[in-house]
Structure formats: C-alpha cells, structure tokens
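Take the given structure of chain R and dock chains C and V to it, following the hints.
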Amino acid sequence: MIAVDLPYWAQSLLRVLGGTVAVLLPAGTIVYLFLFKMMSFMQSRLGPMEAGPYGSMQLFAEVGKWLQKEDIQPENADKSVFKMAPLVVLLSTFLLVAAVPFGPDAYFTDFEAGVFYALAVSSISVLGILMAGWSSANKYSLLGGLRAAGQLIAYELPMVLAVVGVVIQAGTMNFQGIVLQQNTGSIFGWDGIGNPYILTQFVGFFVFMIAVQAELTQTPFDMPIAESELVSGYMTEYSGFRFLMFFIAEFATAGVFSLIASVLFLGGWGIPFSWFGWTTADSVDNWMNVVGPLIMITKMMALAFIIMWVRFSYPRFREDQLQRFAWKVLIPVSLVNIMFTAILKVAF
Amino acid sequence: MSDVTDLIDRQKLSYIAAQAADARLNVELETEGMTLNIGPQHPATHGTLRIIARLDGEQVIWADPSAGYMHRGYEKLTEVRTYPQVNTLINRIDWLGSFANEVPFILAAEQLMDIEAPARAQWIRAIFFELSRIANVSLFLGDLGVQLGAITPVFMAFRDREYVLNLIESATGGRFHPNFDRIGGLKDDLPKGWIDETKQVMKKLRNFCDEIETLLFGNEIFQSRTRGIGVIPANVAQSYGLSGANLRASGVDWDLRRDQKIALPYDKVDFKVWTHPDGDAFARCWVRLQETREATLIVDQLLDGIPSGPVMAKVPRIIKVPEGEAYVSTENPLGEMGYYVVSQGDLGPFRVRIRTASFNNISIVPWVLRGVFVPDIITILASLYFILGDIDK
Amino acid sequence: MTRSWSAVAPLSDTTATTETDVPALPGDGLREGIVAQLRSDIGAGLVDTLVKPGVDVWARVATESWRDAGLALRESGFHYFCFLSAIDWLPSPFGRGEDDPSAPPPERRTEIVQGYTGGSTRFQVFARLTDIQRHVGITIKADVPDDEQVVDSWTSVFAGADWHERETHEMFGISFRGHPDLRNMYLPTDFEGHPLRKDFPLLARIVKPWPGIVDVEPLPGEPEEADTEGNGE
Chain R
2 MIAVDLPYWA QSLLRVLGGT VAVLLPAGTI VYLFLFKMMS FMQSRLGPME
52 AGPYGSMQLF AEVGKWLQKE DIQPENADKS VFKMAPLVVL LSTFLLVAAV
102 PFGPDAYFTD FEAGVFYALA VSSISVLGIL MAGWSSANKY SLLGGLRAAG
152 QLIAYELPMV LAVVGVVIQA GTMNFQGIVL QQNTGSIFGW DGIGNPYILT
202 QFVGFFVFMI AVQAELTQTP FDMPIAESEL VSGYMTEYSG FRFLMFFIAE
252 FATAGVFSLI ASVLFLGGWG IPFSWFGWTT ADSVDNWMNV VGPLIMITKM
302 MALAFIIMWV RFSYPRFRED QLQRFAWKVL IPVSLVNIMF TAILKVAF
Chain C
104 MSDVTDLIDR QKLSYIAAQA ADARLNVELE TEGMTLNIGP QHPATHGTLR
154 IIARLDGEQV IWADPSAGYM HRGYEKLTEV RTYPQVNTLI NRIDWLGSFA
204 NEVPFILAAE QLMDIEAPAR AQWIRAIFFE LSRIANVSLF LGDLGVQLGA
254 ITPVFMAFRD REYVLNLIES ATGGRFHPNF DRIGGLKDDL PKGWIDETKQ
304 VMKKLRNFCD EIETLLFGNE IFQSRTRGIG VIPANVAQSY GLSGANLRAS
354 GVDWDLRRDQ KIALPYDKVD FKVWTHPDGD AFARCWVRLQ ETREATLIVD
404 QLLDGIPSGP VMAKVPRIIK VPEGEAYVST ENPLGEMGYY VVSQGDLGPF
454 RVRIRTASFN NISIVPWVLR GVFVPDIITI LASLYFILGD IDK
Chain V
110 MTRSWSAVAP LSDTTATTET DVPALPGDGL REGIVAQLRS DIGAGLVDTL
160 VKPGVDVWAR VATESWRDAG LALRESGFHY FCFLSAIDWL PSPFGRGEDD
210 PSAPPPERRT EIVQGYTGGS TRFQVFARLT DIQRHVGITI KADVPDDEQV
260 VDSWTSVFAG ADWHERETHE MFGISFRGHP DLRNMYLPTD FEGHPLRKDF
310 PLLARIVKPW PGIVDVEPLP GEPEEADTEG NGE
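Residue numbers (the numbering used here), protein chains in the order written: chain R, 2 to 349; chain C, 104 to 496; chain V, 110 to 342.
Please keep in mind that the hints were generated in silico from the structure rather than gathered at the bench.
Be careful, since some hints might not be right.
According to the in silico footprint, chain R covers these stretches of chain C (three or more CB under 8 Å from chain R) [to be verified]:
#	region
1	244-254
2	320-327
3	352-363
4	369-376
Small disclaimer: the values here were computed from a predicted structure and weren't measured.
Even for Gly, the Cβ is constructed at its ideal location relative to N, Cα and C.
Extracted from the complex, chain R is given alone in its bound form:
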C-alpha cells in the first residue's frame, strides 16, 4: 500500500480497517449531512439539534438505539434466509469498495478488469433484497421484493452501457488506469484539469447517475420501498440490528457508487490544476496517498448531494413507467452514446 514495507499481517489489518472506514465514513457523512440536515433545510425545518452540537451525534444515538433493540423475527418467516438477507446486501457494498482506488498506492485491490468486477458485484444486492422480500412472510414485503427484482435488473443494463463509453474512451477496464488516463489527458491541448470524462461522456454520466438512483432504490425510483404504499417494502419486517444493516447498506452503497462515478467521470483522486506531470502510478508523489482519499471524499460528497437532492424533490414513478423508462429510453440512449464514442475514438 504505502511505500513502506509493512509485514503482510499489517497490510491486511490496514486493508480491513480501511475498508470498514471506507464504507462507514461515507455512509455516516451522507446520513448526517444530507439526510438529516440538508433535507431538513430544504423542508424549512432544522433537523436533529439535540444530540451533540447541531445534532452531530444523532447518528451515533440512532445506531445505539437500533443495536439495543429486540431481535424480532416473524413467526412464519424463513429464519435463515431472513437473517442472511441484510448481510448479503451489505456484503456487496464491501466487495464494491474493494475495487475503488483512493490514491496512487492507496487501493485495496487493483484488478485488471476492475470495471467488470465492480458492475458484476453490485448485482449481489439484488439477491439480498429478493431474499428479504420473500422470507418475510408479509405480503407487503413480497410486493416490494418483486418490484425491486424487476427494477434493479432493468437498471443494471443502462449502468453497464453507460460505463462502456468510459471504457472505450480510456482504453482500459482498470480503475487506476482510467484515473491516470483522465488526469494525464488534455482538452484540445490544455491540460489544466486533465480530461475528465464528464465532459465528453456527459450522456453516459447522466445515464449512469439515473441508473445509480434506481439501483439504490431512491426516489423517484423507490417503488420497492414506496413508504406511503408498502410501509417499507422489503424492509417492513426488519427492526433493530438487521434494519441498521439495511440502512447502512443503503447509504454506504450511495457513497460507494458516488466514489465509482467520481473515478469514472470526475478524474478520481487527481486534483485539478495540481497534476504535476506524472505519467504512471509509480511516478506520483507519496503525499498524494494522503491527499487522494480526501479528494475522493470531496467528489463523492458532491455526487451524493445530487443523488439526495433528487431524492427529496421528486415524486415516485409507478413501476411500469419505471420499466418503460429503463428499457425504452435509457438503453437506446446509452447504446447511441457507445456508438458515438466508438466512432469519435477511432476518428481522433
């Protein structure tokens, strides 16, 4: 990891701790900053103010509350599947964050086909949601789970296709390689901010953000949860620690997808106007290993802000409208985007 020779057990320990922090820190920050405070300000109220200065300890209070609750399982529920479902959803988040680079040497793993791996692993959460819906022995959960299955599978495709444009333009599936390509590139010869793919792949970025919103089952695509109809959809029967896991998974996945989007479209851990002519990952200075994660967090917050802002403003789609939007609008648009990217990549 860092250019210091650490024994293997120390490296593994750092990886584990780093992974946990990389999942929980975005989740916590997004929950407090956006869910508690930003949403409240948009709704002309203050949000939590009691726990800690300006309510900053509210998240810890809530975590503590959920942890000490009774473990209730419905009598007719399929016990083992019921218990496994939140773990499966959280598992996909941890697997996903393992592929994200935070700095030239600050990464957990460096897959050659990182993009491929990330997209594949993000589908595991679908399984978890389906398991939750079916095993709850509750008609509302079943409806939510079935809706979720259809929706999440439908929106996998636009996500994949949007990323294909980036891969074509970068020429590699490696996340680190994509970051380097963006930062060492130039826009018509001016290399102040490198060549972030959001400029050329704006269609892909747009489609990717919409698909991410749907993958996270956030409004306007929150039919599976649909609080005013299904109470909580597939999460209805969960309480206490298991609900905490779903809750963390939801916001942690939002953070991780934002991280991935910032790697793919915003130039990753590179600072605009501060790329000092480095060419490969090895030639980047060591201090970028400390600054890089901070940059990534900043970019992640910006994208998560957009995700949450849309969540609080829009009503929700009905699921047939949702499906129609995915299959008839997003997929053709992203296919056209791929075509244009390929043509322009060959032409220039």
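Just chains C and V, lined up with the frame of chain R:
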C-alpha cells in the same frame, strides 16, 4: 364530454386486454390472486380506513372499503344534546376544516326558528368558512406529494397552514375546533388588527399555491402518475353523489355557494367556479388547487366589505326550536355537507341526519378501483380526498 | 308555519286521478311544477306534499311506489343523489338520557307524531335528490310497514344508494328488497340491535349515568324549582 369517453374507452380497452392476457396466463400457471389488506393502520389512508383488495399480480380485481373504525355515533348523540351542545359535537366531524361543519347546522336551526343573523355575522361566517377551506385543502396539497413520494411539499404546506390556524385561534380561541358559530350569529366580534393580518396571510397563501403549482403539478412524474388515472364520468359522479372538487373535476358545474340560496353573502362577491373536463386524478387535484387560490381571493373581497353592526341577533337564552324539518347544505372543503334537522319543539333536535361529503366520495371506490394497479389505489384515494371523521361520523 | 295538506291527492286504494287541480301556494312555480310532474308520473303513489315557497319541497309516496318515485324523479332531471336514510318517529323512552337511575322514570309522551307530509307508521325512509340544472332539491319520504320493515332498494336507480341503504339497514333494521349486499357499514358484523332506533338506549348513558344528575344548575332564565330532577343530595 367526448374526450372523456375516449379516455375511458381507451383505458377500459387496455385494462380489459391486460386482464384477458393475465387470465390466459393464470389459467396456464394456475395462480390465484392475493388478498391485500390496506389499512386500517397505513401511512396512506387519512386515518383508519381499511380497504380489502383482491390483487392479480399488481392489478386490482375488486376492492372493498371497510369504514367504521372511527364511528362515534354522532347521529345518536345529537338526540341527547341541546342545540348549542350539538354545535360543539359537530366541530369534530371534519376536523381539518372544522368551522365549516358548524355552518350548515346553524343555518338549518336558524331556518327553523325563522331567525336571520345580522349582516356582519354572515360576512364573518363566510370569512371563517373560506379560511377553514384554505386550512383543509392546503394540507391536502401537501399530503398529495407524500402519497406520491415527494416528501418536501408537505412541510411547506404545514408551515403555511400555521398562519391560517393562528388567525383562527386569535379570533376564536381554538386552532382546530373553534366552536365559534352560534344560533343567531357568532360568539364574538373580530379582534383588533385581525383584518390587516388576514390580508397578509392571504398573500402568503397565494404564494404557497403558486409554489405547489410549479413544484408538484408541473412535475412530469406527478403528471404521468395522475393523468388518466381513476377517471369518473359525470353521470357516474352524480349517481354516486360525489361533491365538491370531485364533481367539478368531472366537468359538472355545480357549486353550492353560487347555486343555492343560503344566508351567506356569496352573492355579493365575485368568484370563479373551477371545473375540469377530464375527471381523472389530476383534474381533482388541480381543481382543489385552483379553489384554494380562489378562496384567498374571496376572503380578500369579504374583508373589504364587512358591514358594521352587531354580531348576534336577538335570540332567547334558552333555545327551543319550533317543530319542523329543514335541510341545509353548504360547499364545505370536502364537498357538500348537510344536516337534515327534525325538530319537535324541544330543547334538542329529534333527529339529525348528517350528510357528509366523504361518505359519498368513498362509496365510489369499489367502482373506480377495478382494474387499476396498486400504486394507483393510493393516487386515486389521495385525489378523492376524504377525512375519516367525515366518513365515519 | 305551513303544515301538510292532503286535501286533493287521493290515497292508494281509491280511484286514481292523475291530473287534479292543485291549488298551489303562491310564488313558487318551480317547486309546484316538480310536484305536478311527480304526480303525473306516479299518480296515486304520491300521497302528500309540502311546498315551502323559495325554501324546499317535501313529498311522501306510498311504500309500493318508493322505487318508482326515485326512477320518475331521476327521469325528470334529479340526477344527483344526495342521501338516503330513515327516521324513527317513536319518542324516546329514555328522554334525553338525563334520567336518574335511582328514581323511577318520569312520564313521557308515547304517541307517534310524524313530521312534514304526515305518515302512518313508526319508521319512515326518506331520501334527498338534487336537480343540478334547475338548482332545486326535493326530499321524498315513504312509510315503512310496521309489521315487516322492508322497502324496495334504490340501487338500480342510483348507484350511490348502496352504502346509504347499508347504513340505514344496520342502524334501523329496515331491509331493502333487491340490494346486492346488505351487510353492516359501520358496526361489527356480529353486532346485535339497531342503534338508531329510539328504543335502543344510548349505551354511554347506561354505562355511566348523566353526570348532571348530581350537580345541575338550572338553565339561565328558568325558575329554580321548576327544573329539579334529582337535584342535589
């Protein structure tokens, strides 16, 4: 009305086709429908309404509302109360626009006693009537967003509704249950400075209506969720006795303030009655929004023209209403609310039949929910807008 | 107050005349016209009418013509169904629920007196329809036979009568011939009794007597001793 029939035909055909396809599939797969219980504890119903829906996948085959979880026996209770005591009781039927509940009953009693309230009392009654309409429907507009998933407008609705409730409280002493109307007039006169403050509040409410119109009604997702959903043609609406905005959204131009002679000064103000030809959920919500704005304009006009004088007519201290029967109904926030008062010369009424708007509005639910999707159930219920106390009395 | 008058409209078993000259009350041609139209539609079924000029119109029809009256009114323009319910004209044996349970119940009148447009039975079913074009409403009543409380259902005439008839059935015990699904509206399915009947007591007052028995002040303006009913102790 042909575009409504076209809409209904297209909708009907598509639903029939979908059901036929599902029926073929069901025969092959031999699946049976699922019975879903919506309520009585549910975030979407405005209270304890239970709807038993038989679903086929996500489509409703039949739906049956089961009301009565909040039945308080008002018609029996009125038989043991005196007339002023009934006034306190009926405040609580439609608890969001509660001054409006008192008005038809007081007018019916005054009709039987052959008393006319002084002009100033009538004008102030009309002002409070419209204020209760604004308070009631602004909550509806906010709640509409929540039913459909937009969680932000409801906070704006509550914030702006507070102004109206503060106004009502400053004049009557009660935010939710003013109990201000009396047989022969009102309990009190208006406090000093109330008129100017109300004018300010009406400006704020108009701003709120504009905000909601752009934020919620202009949203494409909202429009695609509500347009063409739950179409009720005009003749069906009339045979079920739908009233208020539900009836006007089906194209029927009927407003009790304008079309019926009651002892409130609506003939002295200029206001527009909003109708919409479509009869779908969007039309019902849209008509209510326009009516709220119109109500603020009516209040402004009423405030400008309040006559001076007493607020209470000469009424005996013990109210004994002579024998007779009277039915008075008014255009309440939820629809047409009326009281059929049967008096046999006693201190209290002999029988009061309370005709509530939501009872008729919800009786159409089995008809309108056939063949819709589960999310549309919520949309249609939200657009019909009922209050549980109004259904259950 | 004008009372009902039935001088000209014949009762059910005499020879029916459809066109009789009705000396109309002055000043309200619209409501007179409605009454005349109804009389021409159902003839002898129209038993009694009352028109208050400029205010309202009441009509009582024979029990057999209940459904025909609804149909006739709907055909003549009353498309809007307002409500349907019943009235129990028996004076309540419990008075206004203010009896002292320790004292014997006081004397109360027990004879049944009907209201506008008269009647001859204890129960009457009544409905209200509105004509949206002519801006007028009408209240129609009909007697419910004392021996068997059944009338025809209006569900085939007005779809909205469905729920109203269910509520009337559970509250008064009046059955409606031809109603598809006459089950309880508000009360649980196994509820016994019909609450809005006058001989069904207000259960709250049975459970706990009226608190004013022990501590009542005389109504304002009334002499002190005329209102004692278990006053003080």
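Item to check | Coverage assertion for the region 369-376 of chain C with respect to chain R, Cβ distance below 8 Å, three residues required | outcome: violated (count 0)
Checklist entry - At a Cβ distance under 8 Å, does chain R reach at least three residues of the region 244-254 of chain C? => result holds (count 7)
Item to check | Coverage of the region 320-327 of chain C by chain R, judged on three or more residues with CB within 8 Å | outcome: Result for this restraint: holds, n = 4.
Checklist entry - How does the coverage statement for the region 352-363 of chain C fare against chain R, requiring three or more residues with Cβ below 8 Å from a Cβ of that chain? => result violated (count 0)
When the structure is compared with the earlier hints, violations turn up for hints 3 and 4 and for no others.
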